[in-house]
Structure formats: structure tokens, C-alpha cells
Amino acid sequence: MLPISITAVIARNETWQNFSYTEPYECGWAREAIVYLRALSQPINVDGVQAHIEYSPDGINWVDSGLKFQLPTQVDEIAWIPITHFGNWLRVSADVPKNSSICVLVSLHFKG
Amino acid sequence: METSINKYDSLKRIISFDDFDRGFCGWGQLVGNYEQSLDSMNANYQQHTHPQLSNLSHWDSGSHGSWDGTYALKIQTRPITGSRNVSVKRLTFRKASRIRLEFYFTFKPEATELLLSETDVRSVGFLFDLQDPQESGNRVMPHIRFLNAENGEHVQKWQFKRKAPEVTPVGTDGKTITHDHLASEDWEDLPNGHQKLCYNEIPTKVNWHYLRFDFDLASMHMKEMQCNDRIFDLSQIESMKMPAMRNLWCMLNLALFTETDTNKRSLYYIDSVCLSGDF
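Respectively, the protein sequence lines represent chains Z and B.
Numbering of the first sequence is given in this note's numbering, commencing with residue 1 and proceeding in unit increments.
Numbering of the second sequence is given in this note's numbering, commencing with residue 1 and proceeding in unit increments.
There may be inaccurate statements among the hints.
The calculated EDC-like cross-link candidates involving lysine to aspartate or glutamate, where the alpha carbons are at most 16 Å apart (straight line), are [stated by the list, open to error]:
| id | chain 1 | residue 1 | chain 2 | residue 2 |
| --- | --- | --- | --- | --- |
| 1 | B | K163 | B | E188 |
| 2 | Z | K111 | B | D21 |
| 3 | B | K7 | B | D18 |
| 4 | B | K205 | Z | D58 |
| 5 | B | K157 | B | D229 |
| 6 | Z | K68 | Z | D47 |
Read the hints as simulated data drawn from the structure, not as lab findings.
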């Protein structure tokens, strides 16, 4: 049987302000993932703001994986990061400073 | 494969057999309609997210697994009272025959409290979205849900919905519409529709349930439903109905949905789904 390969859109047209994160996504069946995060409109004051990849033992409690990437600073710009070791749950978070915001489309691309 | 499908009482033709140990099997997220901008999407559709393949792992006891394998389809709401999520599989039919939907399911709230939590999941349910092949025909949408709890009361009854919601335009081109057919209004009780389902004793112990739903595509009427040991006569139960829409001929969509009654995620698990036809 061919391996599974899927795209899961986990945040669509969501505006991130303050501490923001995607819904928990269970993906223990997958061996690798790429996260893409696209700005759907012009981001406001997100220069230097990092998004973080978080792991979880139970889908409820979260830890910082140490993987991070700069949020897009222009409309339609796509930021991305590969992930190769992640247990059973993933989410993407960002601590967006006061007076900053970004409207995101976040997708996870898995192979397993 | 043989063992897996033997737990179903399918009709002659297997239209699809979705064992989620093999992957997503065509089940995806129900995205709302839009035109030009995602902002034009109905707000109740904005909340929908992609289904997941789950091994039913819990913080206190590890992985539960599915009925007879590792993975189940998981449909998960957001942790906001009244939130819902929907997964859909989109087909068309080649024979307007009797069809049978069967699946094994269970539901739990996210185990964020050390409490029984039996009234946290509001509902789990399913629907067909169908359309006649003739231009004079209808779009027909049988909706059934198990109302587990409402405002903290452990209701445990089956409901249906026949009142079609208002259809509203999306965008300005006149080509796209939307209707929130899963809105919380207008659900009606099935006669003798109370049923106590096994929930078990803590939020991380899980028991599976069997469901069968028979529908006739020729007359576009419900026939019968079975959940575990209970059989419900649906021959007098009406479906949501509206004039045929211009791009949906012979549509045969299946959808599974859940709603949460509290600020916890509702988790609706499906071990496998069998759709069969009498042809």
C-alpha cells in the first residue's frame, strides 16, 4: 500500500493577536511534516515575531519543541518549517505583541 | 479486510468501505462557501477544521485504539460552548436505489478535568446531502443527531431536522449561496427516541457503538435506523428538502458532525464506515 500523504488546513482566515495557536492536530501516524503559514492580508508589526512548533504528550499540555520561524511580514508571503520528529500531536503558536496582528492560513503537510 | 467488513450488514453492493486504519478514505473537512474573499464565508462554517486520524490516546492510560485496529477518524470541535465540526465525503450515485449507511462510533469530551464529564458533548450525528437527477427534483438532506446533553442536562435522545434554513447569497456574482443546515435551531425529537448509550466511568474509557441508517434514493425517504440494540422506524420522518440546485445532480454526500455543550473540545470518533446499495 502507498504511504499516506495529506494536507490538513488547521487555521483558515484566523487573526492572531496576543498569544495565539492552532487547534491540536493528532498525527502520530505520520513520519514527517511541513508547516506552511501564509499571511492572508498585510501583517501589522510582526517583524521579528517568531512562530513556534509545539509538541504534546496528550493533546492537552504543550511544550516548546525548540523549532521556530519568523512570521511573514508581507501579504501572501509564506513561512515554512520541516518537522521530522513529533510524537502524536502538533500545534503552531506565536506570541504576537500588543498592537500587532496577522491573519493566517496554516496548513500541515504529512507523509507517513 | 475480510474480518473488518464482516461486522457490517451491508446491502448487495458495497459503494464504499472506509476503514481508517487505511487512511482518511475520502473524508475531509466541510469548508463553507465563499466568493472573492474568505470573509464571505458563513461564520458557523469558519470554525470547521480538518478531521484527524486518532489512536485514541489519553493522558492517564495511553492509547485505546479503534474497534479492531489502531486508528479512527476523529472530528474535533473547538473548546467553546456550542462549537461544532463536520467531516464530509463527497460522492455521486449511479442508481437511485435503497442505500444503507453503517458505522461504528463513539464520543468523549477532551479529558481536561478529572470528572465524569458525561454532559460535556452536546451531540453527535450524521447527514446525507442528496440531489435528484431531474431538474424538477429536489435537494434532500436527511439529518439525524444524538442529543447527548443540552445545557448540562443528560438528555440522551435522537433527533431529526426537516425545516430547511434560509438560503443566502455569497458574494455578488449570483452563482454561490450558503445555508447553515446544521444550525442549532429546529431539531425535533424522534418518536420513542430516548436511548441510553454506554459512556463508561471516566472520560478516558471508551466504548464503541454501532449505527445503521437506511434511505431510499428513489423516493428520497428515510426508512429505518438501528443503534446498538434499538431499531427506530423512520418511515414517517421527513428530511430537509429544497428545490434542486444547478450544479449538484446525483449528489451523494455523507457528513458526520459533533457539537460541544461546554468549553471543552468534543471528540467524535469513527472506527469505520460502510455505505452499501441495493443494486
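Here's how the hints hold up against the structure:
As the CA atoms of K163 (chain B) and E188 (chain B) are separated by approximately 9 Å, the hinted pair is consistent with the 16 Å bound. For the suggested pair K111 (chain Z) and D21 (chain B), the alpha carbons sit about 15 Å apart, so the restraint of at most 16 Å is met. Among the hinted pairs, K7 (chain B) with D18 (chain B) is consistent with the structure: their alpha-carbon atoms are about 13 Å apart, no more than 16 Å. A hinted pair counts as satisfied when its Cα atoms are at most 16 Å apart, and K205 (chain B) with D58 (chain Z) qualifies at roughly 15 Å.
About 15 Å separates the Cα atoms of K157 (chain B) and D229 (chain B), which keeps this hinted pair within 16 Å; it holds. Among the hinted pairs, K68 (chain Z) with D47 (chain Z) is consistent with the structure: their alpha-carbon atoms are about 14 Å apart, no more than 16 Å.
No hint from the list above goes unmet by this structure.
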